[in-house]
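Chains as they are written, first to last, in the working numbering: chain A, 1 to 128; chain B, 1 to 271; chain C, 1 to 176; chain D, 1 to 540; chain E, 1 to 332.
Derived from the structure by calculation, the hints contain no laboratory data. Misleading hints may appear alongside valid ones.
[Claimed, not checked] Chain D side only, calculated, beta carbon under 8 Å to chain C, not exhaustive: (1) D25; (2) M457; (3) A466; (4) D495.
Because the structure is a prediction, the values reported are computed rather than measured. The beta carbon of each residue, even a glycine, is placed where N, CA and C say it ideally should be.
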Amino acid sequence: MNDRNYIIIGLVVFFALLTFPVWYNLGSASSAPEVVLTEKAKEAKICIEDADFMRREHMQILNNWRDKVVREDKRTYSGKDGKEYDVSLSNTCMDCHSNKADFCDKCHTYTAVDPYCWDCHTYPEVTK
Amino acid sequence: MENTRRKFLKLTGVSVLGLSSLSVMDVLDAKKAGAAADADPYAYPEKALTAQRWGMVVDTRKIDARTTKRIIDACHTAHNVPDFSDPNLPGFSPANARHTVKWIWDETYDHVFPEKADEFLADRLKKLPILTLCNQCANPPCVRVCPTRATFKREDGIVMMDFHRCIGCRFCMAACPYGSRSFNFRDPRPAIKKENKQYPTRMKGVVEKCNFCEERLAVGKQPACVEVSNGALVFGDLADPNSEVRKLLNTNYAIRRKQSLGTNPSVYYIV
Amino acid sequence: MDTISTEKKQRLSQNWFSVIINTYPTESKAFFGKNKDLFANPVGNTIKRNIERLTHEVLLLDLNRDHVKEALEPIIRIRAVQEFSISDALAFIFAFKTIFRKENPSLSQTEEGRLYLEALDANIDEIVLMALDIYMSCKHKIYTLRINEAKKHVRQLLIKKNLMCEVPETGVEIIR
Amino acid sequence: MADFPKPKEMFDSIDYALPEKQWEDVPPDLSPGNFCYPTKRKNLEYLGLPANKDEWSPSDEDWNLPDNWQTIIHEGFKDLLGKYRSLKIFMDTCVRCGACADKCHFFIGTGDPKNMPVLRAELLRSVYRNDFTMAGKILGSIGGARKLTKDVIKEWFSYFYQCSECRRCSVYCPYGIDTAEITMMGRELLTLLGLNINWILEPAANCFRTGNHLGIQPHAFKEMVEFFCDDIEDITGVRVNPTFNRKGAEILFVTPSGDVFADPGTYTMMGYLMLFEHIGLDYTLSTYASEGGNFGLFTSADMMKRLNAKMYAESKRLGVKWILGGECGHMWRVINQYMETMNGPADFLEVPVSPITGTRFANAASTKMVHIAEFTADLIRNNKLKLDPSRNDKNIVTFHDSCNPARGMGLFDEPRYVLKNVCNNFYDMPESTIREQTFCCGSGSGLNTEEIMDLRMRGGLPRANAVQYVHDKYGVNMLACVCAIDRAALPPLMDYWVPGVGVTGLHELVGNALVMEGETERTVDLRQEPLKEEEEDADE
Amino acid sequence: MNVHYLYSLLAVIILGLIAYAGSEGAGLTWLFGLVIPYVALLIFIVGFANRVWGWAKSPVPFRIPTTAGQQKSLDWIKSSSIDNPSSTPGVIMRMALEIFLFRSLFRNSRVEISGDRLSYKWVIWLWLFAILFHYSFLVVVIRHMRFFLEPIPFVILMIDKVDSIFQVGSPVVYQSGVVLFAAATVLLLRRVFVPKVNYISRAADYFPLFLIIGIAFTGIVMRYFAKVDVVGAKELAMGLVTFSPGIPDASIGGIFYAHLFLVCVLLAYIPFSKLMHMGGIFLSPTRNLANNSRAKRHVNPWNNPVKVHTYEEYEDDFRDKMIEAGLPVEKE
């Protein structure tokens with residue numbers, strides 16, 4: 001039966017598509033990115049919350065921040081260390097994490113997260 | 001059938017509870033590990049200027065062309081308002097030269113007060129540049145038409161825009177009787193001459209307007225325009241009889257724009 | 001009692017319809033009862049249409065036999081070929097007595113009302129008898145059709161005229 | 001429906017659902033009137049099929065199956081799975097979405113949930129899972145598997161002989177699952193146990209021996225046709241002269257024997273004869289291949305092949321160029337989808353060319369067999385016929401698309417074209433009930449037997465209901481069709497549901513309208529009834 | 001009362017809890033994160049190929065397309081080249097419409113009388129939710145490629161972007177996830193509440209639906225509510241596809257393992273279930289064949305030899321009668 005050839009071709013194509021990631025990544029295994037902390041950040045030791053929490057929840061925090069500031073006019077955030085922070089992405093976060101490319105973008109690119117924060121908000125420019 | 005349905009709902013309920021308990025556990029974990037969950041970590045800034053209803057009085061007698069320019073520059077620089085008039089900008093064409101973005105600008109008397117443009121108007125008024133900005137209406141039509149509630153009215157009377165939410169439908173522009181709102185037809189960033197790092201820019205497809213410098217009020221400063229106006233602009237709480245604005249209105253005859261529309265503007269003009 | 005509202009009539013016929021539909025298995029009940037497609041659900045639609053007419057007729061105390069027959073016949077015609085015994089096929093008609101009383105509980109308290117109920121019951125009884133006739137004529141029809149069909153195959157005639165031969169009774173050898 | 005609620009209970013139960021059983025636990029209704037009579041032993045034996053017992057009835061408690069019946073079914077099933085990819089796919093891919101459920105005319109008419117095509121297939125599928133899939137073996141009834149028991153066999157018998165293989169469900173199935181295919185396989189398995197019905201196997205046995213279902217012997221066949229010639233002469237004044245078993249004819253004409261034998265098919269036969277005479281066709285009839293219909297289709301592929309083989313064999317013996325086929329449903333499903341594959345290649349025949357118009361029937365280039373509707377449509381299109389449609393004026397006609405030519409071939413526009421040219425009053429039924437969505441007559445696939453008349457009426461209700469609609473709306477009084485089973489099954493159906501609507505073959509109407517050379521003025525139609533109703537009134 | 005969904009529902013809940021407890025409590029992250037995914041994929045590939053090959057082994061003896069339109073016959077009659085294809089391009093078109101648009105399912109219509117006219121209404125609910133379900137599932141799967149590819153190809157980024165075009169919240173909401181969850185739920189409710197579908201449904205029908213709803217549910221929960229470490233998740237996924245498996249140091253979160261495990265169960269379950277319709281739809285002989293067996297010969301590889309009744313036998317039976325009736329015979 002000649003249609004068996006078509007069936008085999010179909011199966012092969014299907015499995016090739018299915019295992020596409022294997023072929024695609026062949027020989028270019030890259031490890032997970034390491035975030036780079038600025039001197040200032042290292043010094044502070046702790047962000048507004050601890051690192052593990054920030055790792056998972058920073059997007060949520062930023063989302064809350066923007067609502068708090070814009071819609072409720074609450075502009076002060078008491079961090080875990082009891083310190084008060086100005087609720088501002090550009091002025092607070094980026095003040096410490098001034099290395100956007102090394103701090104934010106690495107993981108975002110790795111996981112295809114493309115936040116639209118930077119469409120409006122500024123960040124310290126990299127001086128090379 | 002009834003039986004089936006009930007049992008189904010019961011079971012589904014149980015399972016959803018079961019599965020969501022996982023997530024609840026995780027959230028609790030997160031909370032424990034993270035912030036002190038008991039108190040609201042967010043607070044109003046201490047130094048902020050507050051009011052029941054912010055308002056402004058423009059004393060046209062004290063304004064000339066130079067003041068006007070100074071005021072406009074101060075505002076537009078502070079808020080990263082783009083200037084699309086530069087022919088060297090990408091995307092510029094003579095057709096879209098009038099796509100300007102403005103928070104505060106000058107107009108002639110008959111444009112600002114068409115109802116009061118009498119036939120034999122004082123020469124002074126005919127030529128007078130009158131500063132125009134968002135009226136921060138007490139009854140703002142733009143708020144009513146916004147489908148995403150990107151424009152909303154704060155408790156202190158400021159009509160605010162949440163740029164994150166703006167989808168660029170421009171209903172608010174159609175609704176505003178004063179033309180106080182502008183649309184970013186092009187990417188504003190290249191059109192900003194000197195960027196103020198303290199304040200965000202907007203993106204293409206977003207509407208913007210004057211916000212009574214709420215970001216300055218939060219840190220205890222007067223609006224940028226007021227600061228540089230040499231007393232031509234006075235800012236304060238309209239609800240407070242002892243405020244400077246009220247005193248001024250008490251002793252001077254002041255008018256508001258298109259009052260008959262019932263929008264109840266918060267900007268007064270002494271002519 | 002000639003002032004029964006259209007709304008009430010609708011309710012009565014809807015209940016009557018439900019009684020009929022409830023005589024079918026659960027899975028088909030929903031199909032017969034709910035599918036409004038005229039062609040995909042001839043059973044449900046025919047019953048529904050005609051039960052409405054029948055409700056209207058039965059409530060007129062002066063029974064118009066022709067009209068009743070027109071409405072009754074399509075329903076009985078369907079039920080006569082479905083897998084019902086005759087009593088099961090026609091029982092739904094009696095149910096109207098109960099349906100009507102439930103809908104008008106106070107009627108039996110007045111003399112006038114009792115008279116009306118009596119007349120209505122008489123109507124129903126008459127309709128049952130008519131249904132019986134229709135049912136029998138349908139069954140009769142079916143048997144006639146069966147006989148006709150058998151006759152059409154005039155094989156016996158042909159065999160007699162020796163025009164035709166049958167497969168012999170012991171055909172096993174022939175196959176070889 | 002034994003525990004049927006009495007009126008009081010019925011009323012109380014309006015909003016109350018009766019306790020349900022799942023379908024596996026509901027036994028089939030095998031009381032008299034709900035099954036076709038089983039086949040006589042002689043037919044099985046004559047055809048060389050397994051025969052295990054003498055007279056028996058499906059209503060018997062014990063069917064006396066052979067001792068190794070389970071093995072027989074299992075091996076038979078395995079064999080079929082190895083032979084048919086369709087069966088495997090249809091067993092494996094159904095997702096029970098329910099799209100087919102309300103498309104079956106038997107479900108619509110009976111409301112019996114097991115008449116939903118999905119469940120009909122599930123009868124087989126549940127056993128398939130149990131016997132042939134790993135999931136079924138591990139999960140058992142949770143996985144939808146069930147053991148093959150004698151009750152399952154009874155269920156198969158009941159429901160595979162309540163399916164007319166009309167394929168309507170297949171049109172709506174997202175995977176094209178064809179219940180006809182499943183029913184055929186189910187019946188083939190049952191036949192392995194000697195379980196088949198007489199209405200199928202007797203015609204099959206007759207056909208095998210005498211060439212036609214009715215067992216008409218050659219001389220009788222010839223005589224019958226000659227009767228028609230007499231009738232035609234009476235009506236038209238023209239003598240037609242068909243030939244039989246004539247070597248060297250250009251065309252062999254094969255039609256279902258119902259056309260030679262049963263009204264109203266006989267009038268259709270007269271129509272063919274008149275048409276052929278009029279155009280001077282060089283054709284012959286065969287007494288050996290005197291049957292187009294094929295009851296083997298309802299039994300097994302092998303039986304189908306055995307019965308179908310005669311057409312090519314006879315055309316080869318007579319040395320004709322090609323074959324013309326009459327109006328028949330399952331005959332054409334077999335010709336279109338099976339014939340050449342089974343009994344071909346037909347390389348001793350030529351690609352059919354109409355000797356009258358010169359049209360080459362490229363669509364029949366391999367099978368070398370042309371449908372009479374295609375042939376006549378071509379004649380009309382090329383203005384080769386003189387037609388007087390007003391002779392059909394008393395008929396207000398609608399057209400029933402017979403299932404097999406509709407969903408097994410796609411013959412829709414040819415018969416309609418012919419109809420529109422031979423009669424003045426033609427109205428189609430609503431579109432959801434015609435063409436590929438056509439409703440079955442309720443008696444196809446060997447079910448047009450009188451003992452299940454009730455079931456046939458139920459199954460035909462959707463079709464009758466659509467006829468009723470055009471009957472009420474346009475006064476339609478004639479239902480045309482191109483299928484011999486339709487011509488046999490639709491008259492009682494119409495008689496019961498829509499009295500006043502007659503049934504006719506396409507070529508009966510052609511015969512009426514055809515103005516033959518040298519004919520006398522006609523006063524009656526082929527049924528020997530007055531051409532116009534008024535005349536009838538005037539006579540009285 | 002059809003209780004089959006209970007088994008399925010319980011099965012899915014238990015499976016989810018096993019993975020959650022196993023990874024979070026018992027610390028078997030290597031089992032749920034590394035071993036089971038490989039095993040599941042292997043079962044899927046071998047099982048799928050095996051099932052399809054099983055189909056391929058059986059021939060298609062006859063050409064039995066369901067013809068849903070006018071055949072190709074005379075030149076002047078317009079044939080329906082898609083619904084009744086007479087050639088390969090038509091078949092390809094028919095199959096494409098079937099596979100991409102669920103054309104047969106779309107055919108459902110309902111007729112009602114309005115006034116004295118008939119009106120046709122599409123009964124598209126089943127079609128609509130089926131198509132929403134399948135396409136959103138497809139988008140979800142493609143979108144997940146961001147966890148398996150490095151660098152991430154532009155196409156995936158584009159799809160990701162379009163899928164979150166409304167930019168609601170942060171992390172932004174993917175429409176496909178919401179639609180998948182909703183459509184699967186509707187299909188499930190349909191099975192429970194529509195009597196005739198309920199009647200035909202068995203555990204094997206509910207289980208995949210609950211499983212997929214469970215997968216969507218855990219996915220949604222871990223993206224928007226109980227967040228997990230996304231970088232860790234990708235690290236694990238990349239480890240799997242580059243055959244350098246490893247569990248990232250930081251804990252990803254139990255809900256992630258529940259999600260992953262349910263996906264593995266689904267993968268391993270497909271070859272043994274009705275979900276094989278994804279392969280079967282390509283091979284259905286009533287759809288993937290042209291209706292041209294009158295024009296072109298179709299060969300049946302097992303064409304059984306059968307006993308036929310030859311003309312000679314026939315003439316032997318009836319010779320005398322034939323001669324008497326004046327019918328020609330071969331042997332006098």
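Structure-based check of all given hints:
Annotation: D25/D was flagged as interfacial toward chain C, and the flag is violated, the nearest CB pair being 13 Å apart, outside 8 Å. A cut of 8 Å between beta carbons decides the hint on M457/D: the least distance to chain C is about 4 Å, and the hint holds. For A466/D, the interface hint holds, since its Cβ comes within 8 Å of a Cβ in chain C; the closest pair sits about 6 Å apart. Of the supplied interface hints, the one on D495/D holds, with its beta-carbon coming within about 6 Å of a beta-carbon of chain C, less than 8 Å.
Hint 1 from the list above is the single one not met by this structure.
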